[in-house]
Amino acid sequence: MSDISWGLWKLLLNGVWITVQLTVYSAALGVVVAFGIGIARTHRLRIVRFLSGAYFEIFRGTSALIFMFWVFFVLPLAFGWQLVPMWAAVLALGMTYGAYGSEIVRGAIAAVSPGQREAAIALSFSPAQQLRKVILPQAWPEMVPPFNNLAIELLKGTALVSLLGVPDIAFGAQLVRNATTRSAPVYTIILVMYFVLAFVLTRGMRVVERHAKAGIGQAPPKRAGLTTTLSIGKQTSPIGPVARTAAGPTTGAATEGEA
Amino acid sequence: MKFDWSAVGDFMPLFWRGVVVTLEVLALGSLMAFALGLVWALAQRSSLKVVRWPVTALTEFVRNTPLLVQLFFLFYVMPEWGVTLTAMVTGVLGLGLHYSTYTAEVYRAGIDGVPVGQWEAATALSLPRSRTWIAVILPQAIRRVVPALGNYVIAMLKDSPMLFAIGVLEMLGQARQFSSQTFQTVEAYTVVGIAFILIAYPASLLLRALERRLVR
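These protein sequences, in sequence, are chains A and B. Residue numbers for the first sequence follow UniProt numbering, so the first one is 1 and each next one is one higher. Residue numbers for the second sequence follow UniProt numbering, so the first one is 1 and each next one is one higher.
Here chain A stands alone, though its shape is the one from the complex (with noise of 0.2 Å):
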């Protein structure tokens, strides 16, 4: 590990910085994609249901890596746009994770009682007001733990940039490896790197649970929500479809059976 120079060191805090840019710019984009098309998705007309859902089976169907490559090499020959690799990568990486984000938004807007709708539309809110202040807030601390699970994947996505010559912590740690002629040490160092950046994400998504749960006047778990999390967690570890069967035959089969 001595051989790891403070320059080389530098190269690769320098991609940790990058690393971070791209997950919170993705983020913000999928956030945006993921509540647009999965609000879409919940439409009363049919054409807007069925673009926003032909938009989700489109970027679930395809590889975030191949719709970068895309993005990266086709667009500028095909259409004439160039774009700086950084949000080559931000634009591929938000629009692929957003879709995903869509099924977790459309599930928790669906699994909001359908009560509540219904006394939205007998006091005559609007769609619009319907949406924003009786389904959202009470849908929004069911998608915060799945999109937990979500940006960790995206921040192991963001690792796919690197081929792409972005300069994020992988590209660094090739040219370390490079440097150094030894894989070991900085191949474990970045892998720890990462790791940490996971748990951290992970910290901050459980303040933010937290809040949303207290939002609704859900007692906010007091030691952490260890035993909360986990209990959510064994339903919503697994991104989309899988939480379904996870769930199995518990109680909360109904809901997640129609989300």
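Each hint can be trusted.
Computed beta-carbon distance windows for the label pairs: (1) A/K10 / B/V19: 41 to 47 Å; (2) A/N178 / B/S180: 20 to 26 Å; (3) A/A54 / B/W16: 26 to 32 Å; (4) B/A124 / A/E118: 46 to 52 Å; (5) A/F195 / B/S130: 32 to 38 Å; (6) B/S180 / A/V208: 43 to 49 Å.
I should point out that these hints are in silico values taken from the structure, not numbers from a laboratory. Beta carbons are placed, not taken as given, at the ideal position from N, Cα and C, and that holds for glycine.
Given the structure of chain A, go ahead and fit chain B onto it with the hints provided.
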């Protein structure tokens, strides 16, 4: 924008070779993920702390770090330790190991989902531990998680392009090689992108049907 269909024709032989490699990697990787995942899931239920703790730590670590970096780790570090494997074998190992940490969670959920009465019945019949697992618990648990395992096969399919980074010539690798030789970039990457959707979408429909059948 011009789309050259003759380039698509030129790419086809390479493309099919890539498809075969992708499917090979997927099949072998899935088998490894299914088998290893079950091992992790059972080890995490062990009554011995020395077994439970390291396995939990390992699976958490592998699950929370990028597959791409793990592939590089296996590809570059294993030779330093005196184990030299081909890119293909490394890729299968990496993919299988990474996804085994996900399938372990799936198995765990499936095992937890087996009603307590089944355990009690097995105890009442004084079945030995191994028979309880093999004849009572696992058949019920696995039946329930087949669709979830299938979802991870699709996820593995979508992560398989990463293997080109260590030199496996699967679909993306072939597309990259083709475009660097002929400069028909648009066609090669577009074909591969569409191929992924054409494989993944019917597969996910199939899984949904399977899910309706198996999970009541």
